[in-house]
Amino acid sequence: MKYDFKSIEEKSQSLWDKIDLYKVNRDQNKPKYYVLDMFPYPSGAGLHVGHPLGYIASDIFSRYKRMKGFNVLHPMGYDAFGLPAEEYALATGIHPAVSTAENMKRYKTQLSSLGFSFDWSRELATCDPKYYKWTQWIFTQLFDHYYNLKTDKAESISSLIQIFNSEGNAHIEAATEQETVFTAEEWQAMSAKQRSDILMNYRLAYQKIGYVNWCEELGTVLANDQVKDGVSERGGYPVVQKPMTQWYLRITAYAERLLNGLDNIDWSDSLKTIQRNWIGRSEGASVFFDIKGHDDQIEIFTTRPDTIFGATYMVLAPEHDLVKAITPESHKAEVEKYVAYVQSKSEIERMAEKKITGAFTGAYAVHPFTVEHIPIWIGEYVLKDYGTGAIMAVPSDDERDNAFAQKFGLSIIDVVDKTEYPEAGMHDKVGKMINSSILNGLEVKDAIEKICKELESRGIGKKEVNYKLRDAGFSRQRYWGEPFPIIYNSEGLAEALPLESLPLELPATDDFKPGKGGRSPLSRLENWVKLPDGYYRETDIMPAVAGSSWYYLRYMDPHNEEAFASKENIDYWQDVDLYVGGSEHAVAHLMYARFWHKFLYDNNLVPTEEPFKKLVNQGMIQGVIEFIFLEKNNAQKTFVSAELINEENEDQYARIPVHIDFVSDYGSTDSYLNNEGIEAFLTWRPEFKGAIFKSPTAVYPGNNDIQIMTLSEVGKMSKSKFNVVNPESVVDNYGADTFRMYEMFLGPIEQSKPWDTKGIEGVSKFIRKFWGLFFEDDKLMVSDEAPTKEEMKILHQAIKKVTEDIEKFSFNTAVSALMICVNELRKLNCNKRDVLLPLVQLIAPFAPYTSDELWSQLGQADSIHVSDFPEFNAEYMVEDSFEYPICVNGKKRFLRSFPADFGKEEIEAEVLSLEELTKWIEGKNVIKTIVVPKRMVNVVVK
RNA sequence: GCCCGAGUGGUGGAAUUGGUAGACACGCAGGACUUAAAAUCCUGUGGCCUUUGGGCCGUGCGGGUUCAAGUCCCGCCUCGGGUACCA
Numbered sequence: 000m001k002y003d004f005k006s007i008e009e010k011s012q013s014l015w016d017k018i019d020l021y022k023v024n025r026d027q028n029k030p031k032y033y034v035l036d037m038f039p040y041p042s043g044a045g046l047h048v049g050h051p052l053g054y055i056a057s058d059i060f061s062r063y064k065r066m067k068g069f070n071v072l073h074p075m076g077y078d079a080f081g082l083p084a085e086e087y088a089l090a091t092g093i094h095p096a097v098s099t100a101e102n103m104k105r106y107k108t109q110l111s112s113l114g115f116s117f118d119w120s121r122e123l124a125t126c127d128p129k130y131y132k133w134t135q136w137i138f139t140q141l142f143d144h145y146y147n148l149k150t151d152k153a154e155s156i157s158s159l160i161q162i163f164n165s166e167g168n169a170h171i172e173a174a175t176e177q178e179t180v181f182t183a184e185e186w187q188a189m190s191a192k193q194r195s196d197i198l199m200n201y202r203l204a205y206q207k208i209g210y211v212n213w214c215e216e217l218g219t220v221l222a223n224d225q226v227k228d229g230v231s232e233r234g235g236y237p238v239v240q241k242p243m244t245q246w247y248l249r250i251t252a253y254a255e256r257l258l259n260g261l262d263n264i265d266w267s268d269s270l271k272t273i274q275r276n277w278i279g280r281s282e283g284a285s286v287f288f289d290i291k292g293h294d295d296q297i298e299i300f301t302t303r304p305d306t307i308f309g310a311t312y313m314v315l316a317p318e319h320d321l322v323k324a325i326t327p328e329s330h331k332a333e334v335e336k337y338v339a340y341v342q343s344k345s346e347i348e349r350m351a352e353k354k355i356t357g358a359f360t361g362a363y364a365v366h367p368f369t370v371e372h373i374p375i376w377i378g379e380y381v382l383k384d385y386g387t388g389a390i391m392a393v394p395s396d397d398e399r400d401n402a403f404a405q406k407f408g409l410s411i412i413d414v415v416d417k418t419e420y421p422e423a424g425m426h427d428k429v430g431k432m433i434n435s436s437i438l439n440g441l442e443v444k445d446a447i448e449k450i451c452k453e454l455e456s457r458g459i460g461k462k463e464v465n466y467k468l469r470d471a472g473f474s475r476q477r478y479w480g481e482p483f484p485i486i487y488n489s490e491g492l493a494e495a496l497p498l499e500s501l502p503l504e505l506p507a508t509d510d511f512k513p514g515k516g517g518r519s520p521l522s523r524l525e526n527w528v529k530l531p532d533g534y535y536r537e538t539d540i541m542p543a544v545a546g547s548s549w550y551y552l553r554y555m556d557p558h559n560e561e562a563f564a565s566k567e568n569i570d571y572w573q574d575v576d577l578y579v580g581g582s583e584h585a586v587a588h589l590m591y592a593r594f595w596h597k598f599l600y601d602n603n604l605v606p607t608e609e610p611f612k613k614l615v616n617q618g619m620i621q622g623v624i625e626f627i628f629l630e631k632n633n634a635q636k637t638f639v640s641a642e643l644i645n646e647e648n649e650d651q652y653a654r655i656p657v658h659i660d661f662v663s664d665y666g667s668t669d670s671y672l673n674n675e676g677i678e679a680f681l682t683w684r685p686e687f688k689g690a691i692f693k694s695p696t697a698v699y700p701g702n703n704d705i706q707i708m709t710l711s712e713v714g715k716m717s718k719s720k721f722n723v724v725n726p727e728s729v730v731d732n733y734g735a736d737t738f739r740m741y742e743m744f745l746g747p748i749e750q751s752k753p754w755d756t757k758g759i760e761g762v763s764k765f766i767r768k769f770w771g772l773f774f775e776d777d778k779l780m781v782s783d784e785a786p787t788k789e790e791m792k793i794l795h796q797a798i799k800k801v802t803e804d805i806e807k808f809s810f811n812t813a814v815s816a817l818m819i820c821v822n823e824l825r826k827l828n829c830n831k832r833d834v835l836l837p838l839v840q841l842i843a844p845f846a847p848y849t850s851d852e853l854w855s856q857l858g859q860a861d862s863i864h865v866s867d868f869p870e871f872n873a874e875y876m877v878e879d880s881f882e883y884p885i886c887v888n889g890k891k892r893f894l895r896s897f898p899a900d901f902g903k904e905e906i907e908a909e910v911l912s913l914e915e916l917t918k919w920i921e922g923k924n925v926i927k928t929i930v931v932p933k934r935m936v937n938v939v940v941k
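In this text, residue positions in the first sequence follow numbering that gives the first Met the number 0: the first is 0, and each later residue adds one.
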C-alpha cells in the first residue's frame, strides 16, 4: 500500500470526529492534566507557520500524557478583540465582527488540518458577549475592591466605606494614592463628588490622567505599534503625547505577591528574571525638597539616600506637575520648547536617547541638610511614571547624573570614597562616606540606615520600597473591544453596572472613525451613550489583554451562564499544568493574568495562587521584513533608496514596512522595489499616493527602470510586518504529520529561527520509510516471529530517548531518535509485530494520522490515541563493554574497548600498558591518569 | 539605553550539562537502477597539510580557570525578543 497521506488524514480525522475522541469531561478516576496554548489573535493573514510550533509541541505532550493515563484538558480559542480588525474596518468598511468571524473560521480550518487533539466543544472567543460578560464582571469586581495591606488581599469597597464612616482613613493601610487624611465626620460631610474622588484613589480599577500617542492629522490616538520614529506609521504624521483621563488597574498593589509567586512556579529562569526586573523592586527612601519661593515641595525617590550630600541639582520629568508652576517667566520659553521636544518622542525613544538633553527651569530647591540652593532642571532621562518623576541628582555616584552635570557644567561633590574597593563600580553600594557632614566616615550601608532615621525624625522623608511596575493603562479610545461596564451620573461620577445588566454589548455601528478630540468611535453613538436622568456611558473600551487575562479559566466550563466557571469545574481542573507560548508575552499578558488570578483568589473564586504551574516558551518562527525609507517632515512624501541612508542622516527618515510580495529578491542584501513594486505599494497604501521615490540614479515617477533598495531584516512574522507564510501549502504537499514533525525537527522549541522549508524532504522521507517497514510490494507484511535481542535493543533505545525527550520538551532530538530507530530497523529488514506495534505507539503523539492508520491496519480496534504509551525496559540495553576514548593531555588519540565491569584501577593499568600509547608518552613523564568510568581516559604527561 | 535570549560545517541543528565536537537531516559530489529524467538505493562530505601511517587547526572575538572548555569566569562584537496601546 502506498503512503497516501490525504486519504489517511481524511479517514482518521472523520473517525476522530465521529466518536468525539478528544472531548473531555471531569473524571475523578484519572489524574487531571491541563495543557494550554496561548490562543491566537485571528489575524486576517491567517494562521502562519509560527503559530503551530507551540501548538504541535503542546499537542505532542497532550497526546503523550493521555497515553500515560491522564485526563487531559487541551482546549483552543481566539483572542478575538484587537486593533488590526478595527484598522481593517477603517480601510474597508467591513465590520470587525464580520472579518473576525471569518478569520476565526479560517483559523479553525487551518488548525483542524494539523491533527491537533483539541476539545473543540470548549472553543471560545473573547469577542463573544457570552464570554465578555464575565470579563466585564471581573472588571466591576476590580472596581468594587481595594487592596488592604494589613490583610494583604483585596477587600470590598463597601467594607472600606464602613471604615470611613466609623473612623475616617487614618488607620487604613491600603494601596492608594490618597495622601490627605480625613476623619469620619469629615467623610460624612463630604459631597458625593468628593467621596467618589477619594474612593477612586483606592479602587483596583480606577481613573487618572495618562498620556496617549496623539496624532492631530489623523485625529486619533495611536498604539505604540502604529508609531514609528516619532511619526504615524500610516501617513508619517507627527505624534505627540497627549494627556487624557483613563482607566487603570492597580496591579502595583500586587507587586510583592507577583514577585514572590515566581519562586513557586516552574518557569524558565530567564522568564522569571524578566518578570522580576519588570516588577523592579528597589529599596530606598523618599525625600521632600523645599522649593525656593514656593509652598510646594518636590518629592523624590532615591535608592541611594546616603549620597544626599552629593546632590547638587534636581531633575524633574518634563511632564511633572510642578514644572509649570515653578518656572519663572525668564525661563518659560526655553522650558516650553524643551517640553514640546520631549512630547514628540515616545518613551522608548526617550530611554534609548544617547544625547544628553535638558533645560534649566530657573527655579531652585533647598537642600534639606546643607540648606544650599540647588538648581532644578528638567530632562528626558527622568520618566514621569517611575518613582515620583523627580530625582535628586548625585553626579558623583550616578552615571547619567554625571553625564548630565558634565554637559551642563553643574557641580560635582564626591561623597563616597571607594579606595578600599578598587573593583567596585559607581553603582556598587560600598565605600566610606566623605564630604557628608553627619555621615562622614560611615560605610554606605550604615549611612543609608542613619540618613533614613534622620529623614524620618525631621519629617522630610522616609524609607520606602519602590517598584518599577506601573499600574496598567486600561482604556483604549477605540471600537473593537469590551465596552466598560461603567456609567456616569449627571455629576460625572462613575458607577459599575450590576451583573444583571451584563453583558453590556458592544453597540453596532458602521462608522469606525474616532470621535471628537481623540475619543472612541463609541462616543459618536449618542443614543447608546445617553441614558435617562442625565446618566451616560463610558465610551472607551478595554484593551486586548482584558480578555486574555482569564480565558484559561473559562475553558474549564465554557458554556456556563451563571458564573465565569462553576466551582465544581474549577475545583477539578484547578490550574494550568503546562502553558506553551511565545516569550514575547513575557510581561504583558503573563503579568496581567497572574494579577487577575491573584485577585480572583482573594475573592475565593479560584483555589490556587498562580494560574500557570509550568510554562514553556516556544521560540518564534521568523520572517523577512522589508522596509523603505520615508523622509520625515517633508510635505511632499518622498521615499529614498536604502543605499542613501547612513548613520548620520538615519534619523531624518522613517522606516515604512513593505509587503514582501512587492519586493524583488526579498530577504537578500540586494532586495529592491522596481516600478511594478512601487505601483503595487502605492495601490496597497493609498495614503502615499503622489509620493516620489529617489534612487541615486533615477526618480519615480519618470524613470521606467528604477531600483529602490529596501532594507531587509529578520523578525517577527506578523500581519503588521506583511511577511506571513501560511502552513496550507506545506500541508498540501507533504501532509500534516510531516509538517508536524518537520516543525519539531527544525530545532529546539524555545529557539527562534527564520522559516525555511529546506530540509522538509528528510522528514517526508522518514515517514515513508517508517510506513515502508510495514509493507512489501504494497501489501501489509508483518511477521509474528519473536524479535531478536538486537531489534529489541533498537526499539528500547528509541523508547528511552523519546520518552525522556518528550518530558523535557526536546522534540527535535526525539524526532531524530525515531529516525535512527527506523533507519536501523530497515537495515535489519525488521517487520516483527512485537517491534512495530510499540514503535507505532511511540510515534503516535508526533504523527497522529499515520500512526492511527497503521494501528488499525495491524488489526487494533480502538484508536491508537487511547492506547498506552510503550514502557522502557532496561533489560534490553545491557552492554558488556564500553569503548573508551584514550586521550593524552586532553586530546583524543585512539579508542579501546574494556569490559563494562572494569574498575578505574583496572582500566588505568590496561591503558598504560597499551602499545598505541608509547608513541605519545615516549620521553615524557606520566604525571597522572584520569579515568571517568563509561566516559573517557586522559593520560597527563609532561 | 535597559532587561532577556542566541551565535557550532555550505544550511537546520546534536553533544548524557566540564569528558570522543559535528548525532540526525538538508545540500553538494561520486556511483547503482533508467534510453533519459524523476523517484529510490549505496558511498563520501568541517578546514588545512600529508610520505596515506597520520598530523595540525577548529564551536562569534579577546583573555582566564582546569588533567580536560561549545559548556564555567571576565571583557567585547553581531543578531533576535521585550521595553508598559501589536497580540
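If you're looking for bench data, these hints aren't it; they were derived computationally from the structure.
You may find that some hints are simply not true.
[Unchecked claim] If you anchor each label on the Cβ, the simulated ranges turn out as follows: (1) His426 - Gly761: 23 to 29 Å; (2) Lys631 - His293: 38 to 44 Å; (3) Thr508 - Gly458: 53 to 59 Å; (4) Gly761 - Tyr385: 48 to 54 Å; (5) Gly458 - Gly234: 50 to 56 Å; (6) Glu870 - His426: 27 to 33 Å; (7) Gly761 - Glu675: 35 to 41 Å; (8) Lys467 - Pro685: 41 to 47 Å; (9) Gly714 - Thr756: 18 to 24 Å; (10) His293 - Gly458: 17 to 23 Å; (11) Trp683 - Ala634: 45 to 51 Å; (12) Asn632 - Asp731: 44 to 50 Å.
No experiment lies behind these values; they were computed from the predicted model shown.
Just so it is clear, CB atoms sit at the ideal spot from N, CA and C, and this is done for glycine as well.
Hint check results:
1. His426 - Gly761: 23 to 29 Å: violated (51 Å)
2. Lys631 - His293: 38 to 44 Å: About 39 Å separates the Cβ atoms of Lys631 and His293, which means 38 to 44 Å holds.
3. Thr508 - Gly458: 53 to 59 Å: holds (56 Å)
4. Gly761 - Tyr385: 48 to 54 Å: holds (51 Å)
5. Gly458 - Gly234: 50 to 56 Å: holds (54 Å)
6. Glu870 - His426: 27 to 33 Å: violated (55 Å)
7. Gly761 - Glu675: 35 to 41 Å: Because 36 Å falls inside the window, the suggested range holds.
8. Lys467 - Pro685: 41 to 47 Å: At 42 Å between Cβs, range holds.
9. Gly714 - Thr756: 18 to 24 Å: holds (19 Å)
10. His293 - Gly458: 17 to 23 Å: Given about 19 Å between the Cβ atoms, the range holds.
11. Trp683 - Ala634: 45 to 51 Å: For Ala634 against Trp683, whose Cβ atoms are near 22 Å apart, the range 45 to 51 Å is violated.
12. Asn632 - Asp731: 44 to 50 Å: holds (48 Å)
When each numbered hint is compared with the structure, violations occur for hints 1, 6 and 11.
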